[in-house]
Amino acid sequence: MRHKDGKSDPQAAEDAALSGRLRDLDKRLGENRAARGRGVDERPEPPRAGAALAMRMAADFVAGILVGAAIGWGVDQLFGTWPWGLAVFLLLGFAAGILSVIRTSGVARAPAGGGDGFAPPAKDDEED
Amino acid sequence: MAYDPIHQFHIEKLIPIEIGGVDLSFTNSSLFMALTVAGASAFLLLATRNRRLIPSRGQSAAELTYQFVENTLKDSAGSAGMKFFPFVFTLFMFILVANLWGMFPYFFTVTSHIIVTAALSLTVIIVVLFYGFWKNGLGFLKLFVPSGVPKVLLPFITLIEVLSFISRPISLSIRLFANMLAGHITLKVFAGFVVALGSAGFLGILGAILPLIATVALTALEFLVAALQAYVFAILTCLYLNDAIHPGH
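As you go down the protein sequences, you meet chains A and B in turn. Under my numbering, the first residue of the first sequence carries the number 364, and numbering increases by one thereafter. Under my numbering, the first residue of the second sequence carries the number 94, and numbering increases by one thereafter.
Just so you know, the hints here were simulated from the structure itself, not pulled from any lab data. There may be inaccurate statements among the hints.
To be verified - Under 7 Å between C-beta atoms, here's a sample of chain B residues computed to sit facing chain A: (1) Ser257; (2) Ile263; (3) Ile267; (4) Tyr324.
To be verified - Simulated DEER-style distance windows between Cβ atoms: (5) Arg144/B - Ile465/A: 41 to 51 Å; (6) Asp387/A - Leu314/B: 48 to 58 Å; (7) Ser153/B - Leu385/A: 12 to 22 Å; (8) Glu394/A - Arg150/B: 42 to 52 Å; (9) Ala154/B - Glu394/A: 46 to 56 Å; (10) Val245/B - Pro446/A: 44 to 54 Å; (11) Ala275/B - Ser382/A: 35 to 45 Å; (12) Arg386/A - Arg150/B: 37 to 47 Å.
Glycine residues also receive a C-beta, built at the ideal position from the N, C-alpha and C atoms.
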């Protein structure tokens, strides 16, 4: 309501502004629809994606080591190979943890690289 | 009880039930799970009761949640992933509402127990495994054998991939449980400082200002974490489902 005290013809000016906005909206909607049709929906990143990424990395890394240790310990119990199973699988688990982290961060590509139109954006390109 | 920060996580039997030697008691945890389901259902049903083209505030919130999960799922698993929408949406809403219920003082936080989060993440992995093998047969195993790796390294890499797959449900459950547990304990400890210092005279009250500020800030952080953890759980579920839908190409 910029023309509150009505200088020349507030009604006409307002109408013009409104229809201008409507056209603009129409255009943008059209663009958006077209983009969706091609499957390249360029949605802006949610602002919390960074924090979400950080939480994923920390937990993935720890879980890798835990799983390695657990499997190693189990192998030792089964075959009586203490401490070799634990040593080997702990290191493998460590490697798995690192692998998850670098994949989450997008430094390393997933095993066979996506690229079938469903390929998620780089940040989510984990184990395609 | 006083300032014991762990007390809030105690499981109490509200209605003891025992069937065939199995303890099936209705506990405070069960009560809050029921409240979570009721809360989520009530929100969605009430919000969509009077559907309009131009949505009301409530309907808008419900549509926003729906679209948020839909976009997350489509971005990570493609359109083929939409058949899992009810699954992902249910998980997202359950975790979100359970976390938010936990933000009320004196309420029990369902997701702060690893048995609950482990059950949720195992459900996800079981769905991934079953659907992966049902849809792709043994082709699902290609997930563990990356292409373009030298023959010598292949067994080694495959072993690491398998370990990385096994660690998924564990990281999924540990992340949610640890975040909720640690957040609630920190909050309780800082709030306990305020009370303890506040009862120690004038200087104590002055000293209590700092932990009080920290408590307020932590409460805000906990709300962020509550929403964030639900989001992280949902997006990882989508990524894992993507593996089941399109393994290794």
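Hints, one by one, checked against the model:
no., hint, in the structure
1, Ser257, "holds, 4 Å"
2, Ile263, "holds, 4 Å"
3, Ile267, "holds, 6 Å"
4, Tyr324, "holds, 6 Å"
5, Arg144/B - Ile465/A: 41 to 51 Å, "holds, 46 Å"
6, Asp387/A - Leu314/B: 48 to 58 Å, "violated, 39 Å"
7, Ser153/B - Leu385/A: 12 to 22 Å, "holds, 21 Å"
8, Glu394/A - Arg150/B: 42 to 52 Å, "violated, 28 Å"
9, Ala154/B - Glu394/A: 46 to 56 Å, "violated, 26 Å"
10, Val245/B - Pro446/A: 44 to 54 Å, "violated, 26 Å"
11, Ala275/B - Ser382/A: 35 to 45 Å, "violated, 55 Å"
12, Arg386/A - Arg150/B: 37 to 47 Å, "violated, 28 Å"
Violated hints for the displayed structure, listed by number in ascending order: 6, 8, 9, 10, 11 and 12.
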